[in-house]
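**Student:** One letter stands for each residue in the lines below.
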Amino acid sequence: MSSVSFSAVGLVYPGGAPGLTDIDLEIADGEFLALVGPSGSGKTTLLRTLAGFLAPTSGTLRIGGQVVADGTRSTPPEDRRLGMVFQQHAIWPHWSVGRNVEYPLRLAGTARRERTARVREVLDLVGLGGLEARNPATLSGGQRQRVALARALAARPRLLLLDEALSALDEPLRDRLRLELRALTASMGLTVLHVTHDRAEALALADRVAVLDGGRLQQVDAPEALVRRPASALVARFLSDATVLPGTRDGAGFTADGHPCRVPAQALSDEPGGTGRGSLAVLPDDVELLSPAGADRSQVGIVASSLFGRDASDVVVTWHGLDVRCRTRGPRPSVGEAVRVGVRRAVFYLDVAAARQPVAPATGVLA
Amino acid sequence: MSSSADTLVRGPAGGRAPHGLDTGRGRPDGVLGLRLALWLVCAGVVLLPLAVIVALGLSADRLQLLLQGDVLEAGRNSLVSALVSAAGAVAVGTALALLVERTDLRGRGALRLLALSPLLVPPFVGAIAWIGLAGPASTVNRAWTEATGGPLWVVYGGDGVVFLLVVHGFPVAYLVVAAALRRIPSDLEQAARTSGAGPWRTVRDVTLPLLRPAALSAFTLVAISNLADFGIPSIVGLPEGYVTLSTLVYRYLQSGTVDAPLEVVATIGMVLLALAVLGVLLDVVAGRSRWELEASATASAPVSLGRARALASTVTWVLVAGVTLLPLWALATQALLPAPGVPLTWDNLTLDSLTRALTAPTTVTGLQNSLWLSLLAGVVCAAVGLAIATLVTRTRSRDNGALRAVAMLPQAIPGLVIAVGWLVLAPRIGLFNTPWLILAAYVTAFVALVVQTVSAPLRATPLTAEEAARVAGASRLRAFVDVSARMALPAATTGGVLVVLTAVRELTISALLLSPGSQTLGVAIFNLQQAGAYNAASALSLLVTIVGLAGARLAARQAA
Chain A
159 MSSVSFSAVG LVYPGGAPGL TDIDLEIADG EFLALVGPSG SGKTTLLRTL AGFLAPTSGT
219 LRIGGQVVAD GTRSTPPEDR RLGMVFQQHA IWPHWSVGRN VEYPLRLAGT ARRERTARVR
279 EVLDLVGLGG LEARNPATLS GGQRQRVALA RALAARPRLL LLDEALSALD EPLRDRLRLE
339 LRALTASMGL TVLHVTHDRA EALALADRVA VLDGGRLQQV DAPEALVRRP ASALVARFLS
399 DATVLPGTRD GAGFTADGHP CRVPAQALSD EPGGTGRGSL AVLPDDVELL SPAGADRSQV
459 GIVASSLFGR DASDVVVTWH GLDVRCRTRG PRPSVGEAVR VGVRRAVFYL DVAAARQPVA
519 PATGVLA
Chain B
5 MSSSADTLVR GPAGGRAPHG LDTGRGRPDG VLGLRLALWL VCAGVVLLPL AVIVALGLSA
65 DRLQLLLQGD VLEAGRNSLV SALVSAAGAV AVGTALALLV ERTDLRGRGA LRLLALSPLL
125 VPPFVGAIAW IGLAGPASTV NRAWTEATGG PLWVVYGGDG VVFLLVVHGF PVAYLVVAAA
185 LRRIPSDLEQ AARTSGAGPW RTVRDVTLPL LRPAALSAFT LVAISNLADF GIPSIVGLPE
245 GYVTLSTLVY RYLQSGTVDA PLEVVATIGM VLLALAVLGV LLDVVAGRSR WELEASATAS
305 APVSLGRARA LASTVTWVLV AGVTLLPLWA LATQALLPAP GVPLTWDNLT LDSLTRALTA
365 PTTVTGLQNS LWLSLLAGVV CAAVGLAIAT LVTRTRSRDN GALRAVAMLP QAIPGLVIAV
425 GWLVLAPRIG LFNTPWLILA AYVTAFVALV VQTVSAPLRA TPLTAEEAAR VAGASRLRAF
485 VDVSARMALP AATTGGVLVV LTAVRELTIS ALLLSPGSQT LGVAIFNLQQ AGAYNAASAL
545 SLLVTIVGLA GARLAARQAA
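Note that the protein sequences, when read in sequence, are chains A and B. Add 158 to a position in the first sequence, counting from 1, and you land on the number used in the working numbering. Add 4 to a position in the second sequence, counting from 1, and you land on the number used in the working numbering.
Be careful, since some hints might not be right.
If we take Cβ atoms under 7 Å as the criterion, some of the chain A residues that face chain B in the derived model are [said to hold, decoys possible]:
#1 G229
#2 S232
#3 P235
#4 E236
#5 L240
#6 M242
#7 F244
#8 Q246
#9 W250
#10 Y261
#11 L265
#12 G267
#13 A269
Heads up, incomplete: computed chain A residues facing chain B, CB under 7 Å, no partners named [to be verified]:
#14 G177
#15 G256
#16 P262
#17 T268
Rather than coming from a laboratory, the hints here were simulated on the basis of the structure. Don't be surprised by glycine CBs; every beta carbon is placed ideally from N, CA and C.
Use the sequences and the hints to build the structure in full.
**Tutor:** Right, dumping it as structure tokens:
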């Protein structure tokens with residue numbers, strides 16, 4: 159078991175396209191870190207850099223304090239002592255289950271008797287005890303993924319890498335395996351990097367979640383903090399489907415550009431604070447839908463969609479050209495209904511980030 | 005399209021099926037009619053000539069003929085040369101596929117094209133070229149004889165036959181193995197790397213075992229096609245008395261040294277047929293254990309050869325260029341020199357051989373015959389192949405597998421056997437001594453080429469395309485014509501061009517089915533070579549090769 163440390167790691171593809179820029183990330187010994195981001199954000203690039211399939215072009219990458227890549231040299235994957243589970247399980251079809259799981263031990267030079275014992279042990283661990291002799295083709299998708307996990311754990315790796323490891327499975331099975339995986343890695347004290355496009359999965363499983371976009375780390379934090387205090391409008395939008403509006407903040411509150419939305423100062427969160435031009439992020443939970451009676455016409459929107467959810471309905475209101483995402487408890491509004499949109503709480507981000515990367519077009523659809 | 009679409013085909017089964025799309029099976033409709041027609045065509049073109057061989061071979065009770073000294077020796081030579089050359093071709097093809105498709109070897113794109121170029125050169129042309137390079141009168145061997153008293157290596161004889169069969173077989177093995185290699189998900193190899201295996205260990209433990217089924221298919225494919233190759237053993241083997249079954253059959257048919265040559269030849273053909281069927285069965289049995297590989301998410305990064313890169317690149321390039329470019333160069337010089345052995349200087353270069361070869365009446369008729377025969381064969385094969393391939397990949401029926409197998413069967417059968425079948429059949433259907441016989445044999449031999457070209461892309465498209473057409477109101481036949489066949493058309497055109505390119509340079513079938521006035525280009529070159537007109541034969545060979553290259557470019561552009 160070991161820690162991982164990325165310091166100022168950058169990767170530029172041979173064609174000149176940047177893959178990763180200035181990544182600083184520490185994964186503590188025994189920590190379960192989930193990596194999320196929109197597609198094309200560099201998640202897989204980061205994982206494959208850690209695995210050794212890609213070599214960073216700058217910065218230093220350490221595993222367990224030992225430098226494995228420094229921009230000029232890169233330890234090949236086979237010498238990094240890793241376990242990795244792939245999205246498509248990658249079970250070798252020409253070998254039995256036992257032989258698959260045994261292979262890393264064989265390469266590590268483990269004695270035969272010990273290998274057999276260890277294979278039995280890890281197969282028991284993933285709930286496939288006694289299936290050593292089976293042909294992988296006869297297993298179900300979930301069982302194959304368990305074999306892949308057993309294979310990754312067999313040689314007691316320093317680090318477990320999960321590349322969308324659960325994404326190819328069906329929903330109820332994925333849920334169950336998610337729970338088992340968390341319990342297993344926690345009991346073994348494994349350091350895990352889990353790449354996923356499933357935000358709920360990342361938040362549910364991880365000790366900390368890293369949000370990546372455009373090859374840069376946007377925020378690394380515990381799940382609660384990420385949801386409550388997103389570091390930027392972008393993170394709020396990606397993780398929580400926040401509605402983002404460009405505009406100006408002054409002493410009185412927030413005024414949107416070309417949109418009737420106004421938010422008084424007391425509804426704006428104190429952090430990060432500051433006045434000037436920037437973006438406002440409104441989390442779906444902080445939007446309330448009120449009766450349109452007596453309201454100014456500019457404050458009224460039309461319900462565009464209304465989906466049932468277990469604890470709250472997922473409603474999209476088109477308000478003056480802007481799609482506002484909200485989660486409402488209580489009676490579910492019907493599509494076409496007129497509602498007044500109220501903002502209970504919102505976070506304003508000054509335009510440092512927005513200047514670098516325009517967060518929202520003035521009349522954009524941001525749901 | 006829309007107005008005629010509604011009025012065209014709306015037979016009894018054409019109305020919308022009330023319970024599911026797959027109904028109509030067994031009920032008479034257009035697709036069923038097409039299926040019956042295609043079965044009839046296959047029976048006439050494929051099954052009949054083969055059945056005739058078996059019937060004649062068995063009825064004549066000439067099995068003891070096979071144990072005759074000549075036949076026994078030729079059979080042994082054929083078998084040994086086919087097996088050894090196939091093993092060699094698979095070894096070379098696999099090694100090259102791994103190097104080119106999986107490592108950072110220099111100039112891989114160009115190397116791939118170069119390695120595949122022997123496919124464009126008919127084997128008998130390759131043999132003529134290699135005589136220029138390693139024949140007893142070649143520059144290299146003469147220089148070596150002057151220096152040491154004996155030639156370095158003469159291509160004549162059994163070793164030369166095997167060598168040339170390898171040279172012409174390895175590109176096929178390369179294609180088969182490289183296609184399989186591309187289907188192996190890179191995840192499987194990366195999983196081995198993260199398990200602690202180095203790049204070479206990964207190749208040994210994961211990649212090669214996964215390639216085994218493809219390598220075995222390539223082996224049977226090359227072995228069967230080499231089993232009865234005519235051009236190479238007759239040009240390179242015969243001068244040293246190395247007789248194979250195909251050259252023996254040719255001699256029997258041409259010289260009439262045996263009684264009832266047709267029956268003897270049919271018996272030999274039957275044995276070859278049995279060997280071919282055995283090979284196919286072997287391939288099918290081995291294919292049973294083939295595993296389903298899922299598509300890979302990530303492209304695999306080429307394995308770095310490290311310090312060995314420069315050396316490996318140089319060695320591979322020299323070897324591949326040596327077996328592909330050198331013979332062409334030899335062919336070109338022979339074509340431009342007035343006689344063999346004349347030193348290569350600017351003053352000696354002449355276009356005489358070329359003009360003489362081209363203006364000779366035999367060449368002109370050969371060229372004309374080859375052109376119209378191959379064009380007709382291309383059109384017929386494209387049409388029949390399109391219909392068969394589309395039917396078996398895009399409809400559901402229990403006999404699909406059988407129909408496809410029958411259509412593909414000739415690909416696994418030596419051209420020699422097909423020629424003999426038609427030869428036996430000819431007098432009974434009134435085609436004896438006519439060029440139509442050659443056309444019929446071409447169609448038998450090459451329809452599989454189109455079926456294969458069309459099936460591959462069609463299988464990748466889900467059947468929902470036709471189901472959508474049925475839901476939109478098309479009958480089965482209508483959906484078949486408008487959706488399935490339309491999708492298959494580009495591939496069928498490419499397949500047709502491939503047939504023309506193959507047929508125009510064909511030798512085995514044309515040589516055996518030769519009748520007065522039906523000599524083809526291949527036969528013309530072969531006769532020039534046999535008559536000792538090496539330079540004229542080389543000149544024509546060079547032209548054939550250039551035409552092949554140009555045609556391949558055309559085919560590649562159409563496919564793109």
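**Student:** It remains to establish, for every hint, whether it holds in the given structure.
**Tutor:** Structure-based check of all given hints:
no.: 1; hint: G229; in the structure: violated, 17 Å
no.: 2; hint: S232; in the structure: violated, 11 Å
no.: 3; hint: P235; in the structure: holds, 4 Å
no.: 4; hint: E236; in the structure: holds, 5 Å
no.: 5; hint: L240; in the structure: holds, 5 Å
no.: 6; hint: M242; in the structure: holds, 4 Å
no.: 7; hint: F244; in the structure: holds, 4 Å
no.: 8; hint: Q246; in the structure: holds, 5 Å
no.: 9; hint: W250; in the structure: holds, 6 Å
no.: 10; hint: Y261; in the structure: holds, 5 Å
no.: 11; hint: L265; in the structure: holds, 4 Å
no.: 12; hint: G267; in the structure: violated, 9 Å
no.: 13; hint: A269; in the structure: violated, 16 Å
no.: 14; hint: G177; in the structure: violated, 13 Å
no.: 15; hint: G256; in the structure: violated, 14 Å
no.: 16; hint: P262; in the structure: holds, 4 Å
no.: 17; hint: T268; in the structure: violated, 11 Å
Consistency with the previously given hints fails for numbers 1, 2, 12, 13, 14, 15 and 17, ordered from lowest to highest.
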